[in-house]
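Number of protein chains: 2
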Amino acid sequence: MNQEPQRALADIRMRVQRDLTQYLATQTSYLGDIGSELVPVAEAINSFLLDGGKRLRPLFAYCGYLASGGEDDEAIIAAVASLELLQACALIHDDLMDASDTRRGRPSIHRWFEGLHQNEELLGSPAHYGSSAAILLGDLALVWADQMLHQSGIGEAALLRALPVHDEMRVELMAGQFLDIHEQALSTQSVARSLKIARYKSGKYTVERPLHFGASLALADPAKLEKYFAIFSEFGLPLGEAFQLRDDLLGVFGDPSVTGKPAGDDLREGKRTVLMAMTSDRANEHQEGVIDRYFGAKNLSAEGIAELRSVITDTGARQHVEDLIDKLTSTSLDALNRDEIQLGPHTLLTELANTAVQRTL
Amino acid sequence: MNQEPQRALADIRMRVQRDLTQYLATQTSYLGDIGSELVPVAEAINSFLLDGGKRLRPLFAYCGYLASGGEDDEAIIAAVASLELLQACALIHDDLMDASDTRRGRPSIHRWFEGLHQNEELLGSPAHYGSSAAILLGDLALVWADQMLHQSGIGEAALLRALPVHDEMRVELMAGQFLDIHEQALSTQSVARSLKIARYKSGKYTVERPLHFGASLALADPAKLEKYFAIFSEFGLPLGEAFQLRDDLLGVFGDPSVTGKPAGDDLREGKRTVLMAMTSDRANEHQEGVIDRYFGAKNLSAEGIAELRSVITDTGARQHVEDLIDKLTSTSLDALNRDEIQLGPHTLLTELANTAVQRTL
Numbered sequence: 069m070n071q072e073p074q075r076a077l078a079d080i081r082m083r084v085q086r087d088l089t090q091y092l093a094t095q096t097s098y099l100g101d102i103g104s105e106l107v108p109v110a111e112a113i114n115s116f117l118l119d120g121g122k123r124l125r126p127l128f129a130y131c132g133y134l135a136s137g138g139e140d141d142e143a144i145i146a147a148v149a150s151l152e153l154l155q156a157c158a159l160i161h162d163d164l165m166d167a168s169d170t171r172r173g174r175p176s177i178h179r180w181f182e183g184l185h186q187n188e189e190l191l192g193s194p195a196h197y198g199s200s201a202a203i204l205l206g207d208l209a210l211v212w213a214d215q216m217l218h219q220s221g222i223g224e225a226a227l228l229r230a231l232p233v234h235d236e237m238r239v240e241l242m243a244g245q246f247l248d249i250h251e252q253a254l255s256t257q258s259v260a261r262s263l264k265i266a267r268y269k270s271g272k273y274t275v276e277r278p279l280h281f282g283a284s285l286a287l288a289d290p291a292k293l294e295k296y297f298a299i300f301s302e303f304g305l306p307l308g309e310a311f312q313l314r315d316d317l318l319g320v321f322g323d324p325s326v327t328g329k330p331a332g333d334d335l336r337e338g339k340r341t342v343l344m345a346m347t348s349d350r351a352n353e354h355q356e357g358v359i360d361r362y363f364g365a366k367n368l369s370a371e372g373i374a375e376l377r378s379v380i381t382d383t384g385a386r387q388h389v390e391d392l393i394d395k396l397t398s399t400s401l402d403a404l405n406r407d408e409i410q411l412g413p414h415t416l417l418t419e420l421a422n423t424a425v426q427r428t429l
Numbered sequence: 069m070n071q072e073p074q075r076a077l078a079d080i081r082m083r084v085q086r087d088l089t090q091y092l093a094t095q096t097s098y099l100g101d102i103g104s105e106l107v108p109v110a111e112a113i114n115s116f117l118l119d120g121g122k123r124l125r126p127l128f129a130y131c132g133y134l135a136s137g138g139e140d141d142e143a144i145i146a147a148v149a150s151l152e153l154l155q156a157c158a159l160i161h162d163d164l165m166d167a168s169d170t171r172r173g174r175p176s177i178h179r180w181f182e183g184l185h186q187n188e189e190l191l192g193s194p195a196h197y198g199s200s201a202a203i204l205l206g207d208l209a210l211v212w213a214d215q216m217l218h219q220s221g222i223g224e225a226a227l228l229r230a231l232p233v234h235d236e237m238r239v240e241l242m243a244g245q246f247l248d249i250h251e252q253a254l255s256t257q258s259v260a261r262s263l264k265i266a267r268y269k270s271g272k273y274t275v276e277r278p279l280h281f282g283a284s285l286a287l288a289d290p291a292k293l294e295k296y297f298a299i300f301s302e303f304g305l306p307l308g309e310a311f312q313l314r315d316d317l318l319g320v321f322g323d324p325s326v327t328g329k330p331a332g333d334d335l336r337e338g339k340r341t342v343l344m345a346m347t348s349d350r351a352n353e354h355q356e357g358v359i360d361r362y363f364g365a366k367n368l369s370a371e372g373i374a375e376l377r378s379v380i381t382d383t384g385a386r387q388h389v390e391d392l393i394d395k396l397t398s399t400s401l402d403a404l405n406r407d408e409i410q411l412g413p414h415t416l417l418t419e420l421a422n423t424a425v426q427r428t429l
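Chains as they are written, first to last, in my numbering: chain A, 69 to 429; chain B, 69 to 429.
Just so you know, these hints were derived from the structure itself, not from any lab.
A few of these clues could be false.
Remember, identical chains collapse to one label, so a pair may be satisfied in a single copy or spanning two.
Taking lysine to aspartate or glutamate and the EDC-like style, the derived pairs with C-alpha atoms no more than 20 Å apart in a straight line are [as the list claims (entries may be wrong)]: (1) Lys339 with Asp166; (2) Lys292 with Glu302; (3) Lys339 with Glu105; (4) Lys264 with Glu72; (5) Lys264 with Glu105; (6) Lys329 with Asp166.
Please model the entire structure based on the sequences and the hints provided.
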C-alpha cells in the first residue's frame, strides 16, 4: 500500500463527490420548482449516488487526463464526475432487470419507490410504480450525466473532442448490457462469450473509455491523442477484464458487509459469469449435479451456497480466475512502462489498477 | 388544406426519414460487428423507428430553424432528425411502463423481444427478457439520439448552442413522464395536475423545445435568440397542450386503424388525462358509477367502452376539450403574427400546427 498515491486518489474522489453534490443540489431545486411530486425523485438519486461508490470511472478518466499531460483543473473534475451519473443510470436499470433488492446495502431504486408507494398508500401496484420510477430515474440520470458534462466549464474544444468518445462509451455499455441479458437466456454457458461481455461491460466501459475520455480532454493534437488512446487500450482492456473477474469472485465469495449485496447473490440469481462458465467446463458429473440443483435456485439456502462454493473451488475455477486476474493485471501494468507516461501519473494509475482488482473478499 | 406547405412538410419529413435510415444502417453494422446477438436489437429499433411516425418534433425543430432565419441545410436536417431517436426512447419506455402491446399497429418493443424469446426457445421468462430488452433499447435510442446530433455535421458553434436546449428538453421530458406515472397512482383526478403534465410532456417536449432547438441552430446572436425563444414559447406551449388534448380524445374515441392502438385503449388502461379529469368533475352520481365500474377495468368490453364514451360525451367534457383545443390553437397561431416571422415559415408553422391538433378521430 502506497500512501502518497492513495491520498492523491482520495483527494480526487473527494472533489468528484463535491461536484456531484453541488450539481445534484441545483437539479433538486430545479425539479422541486416543477412540482413537489418530483422531490422524491431528486432525493432518491441523491441518496443513491452520494452515499457510496468507488468513483472508479471518474478516477480512471482523471488519471487518464493527467497521464496525457493535462494540468490539475477543477472543470475537468466536474466533467469526469459526470461519469458517475451515467453509472447511476446503468446501476438503476441493471438492478431493475436483475430484480435486485439492494445496492450498496440500501434498497435499489425500484424497491425504494415500491416502499414509497406502500407508505403513501398510493393506488395500483407498488411493484409497477417502483419499476416505472426506476426506468425514468435511470433515464434522468443518463440525461443529467450529459448535462453535467456540458455544464462542467471545460473549454469548448475539449468538450467537442470528448463527445465522440463519450458517445462510443455509452453505446458499448448498452451493447454489453444487452449481450449480458441475452447470455442469461441461452441454453449453454461459454467462457468465450462471457469474456466478451466482460470486455464490453468492464474492459471498455469501466476502464478503457474513461481513460480515452480523459485523454481527449487533455490533448488537442490528433496524433498525440491516437498514441495515448493506444497506450490506454493496452492498459485498460486487460485491467477492465481483471476487474470484472474480481467482481465475479465477489459475487460468489464476497463478504456482504463489503459488497453491500447478500452473500452468494450471483449464485441465487444464476448469473452467468466467466467464473461460472469455467466451473461448468471443469465440473465432473457429481459437480454438474450440484450446479443443476442449486445454481439460480430461488430461495437458495446457505447450505446450497456453500455446496456451490465448494464446487467452484474444487474444480479449480476459482484459482484459475485468480491466476487470470494476476496475469491480466500484470499485462496491463506493463503497458504503463513507456516514456509517454510520467512518474506521477504512472504511480497513480498503478495504485488505481490495484484498487480495482484487489478488492477484499 | 393548403397543398404547398403540405408538400414542403412532406419533403422535410422525407429527408428526416432518409437521414434516420442512413444513421441506423451505420449503427446496425456497428452493432453487428460487436456480435451477431445484437442484430435483433438493431432490427427492432429500425423497424420501430422507420415504419411509422409523424416526425412532429423534427418538423417543429426544422420549421423553428427556418422561422429564425436559418437557410435550408442538410446537416440541420440530420440534427433535427435525431429528435426521433429521443422520441423512440420515450415511446419504448412508455410502452413498457404502460404494458402496451402495440405501437403504430405493431408489437411494442418489449412484446417483440418477448416473442423472439419464445420463438427461439430461450431460457427464463419471456416477459422478463422482453422488458429487459426494452429498457436497454430505450437507453440505446437515447444515446444514439445524442450521437446522431453530434455527428450531424452542423457547425461547432451551432452544436454548442443547441446542447443546453437539448438537455433541458430531455430533463423536462423525464420530469413530465414521472409526473404522469405518479398521477396514475393518486386517489383523485385533477384537471390542474393533468394540464401541468400536458404542459411538460407535450407543450414543452413536443413543441416549444423543438422550436427552441431549431432557433438555437440558426441564431448566434443571444438577443435575437431570446426574442425567438419568447415567440416560440408563446406559440408552442398552448399548441402543445392542444396536441395533448387531441391525443386524449384519440385515446378514447380514436379509430384503431388510424391510431395503431386498440379502440378505447386509454379507457382500458384507466389513463388519467385532462379529458377524464374534466369528465369526473362534471359527472352526476349515475355517471360516476359508470366510471367506477368500467374505467381502468381489465378486459374492458366493447359495451363498457361505449358506456364510458357516452358519459364523456354526455357530461360535456368531450365538447369542452374540443373547445379548449380550438382556443389554445387560436392563441398559438396569434403568436405567429409578428414581423419576426416571415411569410414562408409562417405558412409552414400554421400548417404544422393544424396537422398536430386536427388529427382524424
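Identical-chain pair category, lysine 264 with glutamate 72, by Cα at 20 Å: neither (35 Å within a copy, 54 Å between copies)
Homo-oligomer pair classification [glutamate 105, lysine 264; C-alpha up to 20 Å]: between (42 Å within a copy, 12 Å between copies)
20 Å Cα threshold - placement of aspartate 166 relative to lysine 329: within (13 Å within a copy, 30 Å between copies)
Copy assignment of lysine 339 with glutamate 105, given that the CA separation must stay at most 20 Å: between (36 Å within a copy, 18 Å between copies)
Identical-chain pair category, lysine 339 with aspartate 166, by Cα at 20 Å: within (9 Å within a copy, 28 Å between copies)
Status of glutamate 302 relative to lysine 292 across identical chains (alpha carbons, at most 20 Å): So lysine 292 and glutamate 302 pass the 20 Å test inside one copy only (16 Å; across, 49 Å).
Against the hints set out earlier in the document, a violation occurs for number 4 only.
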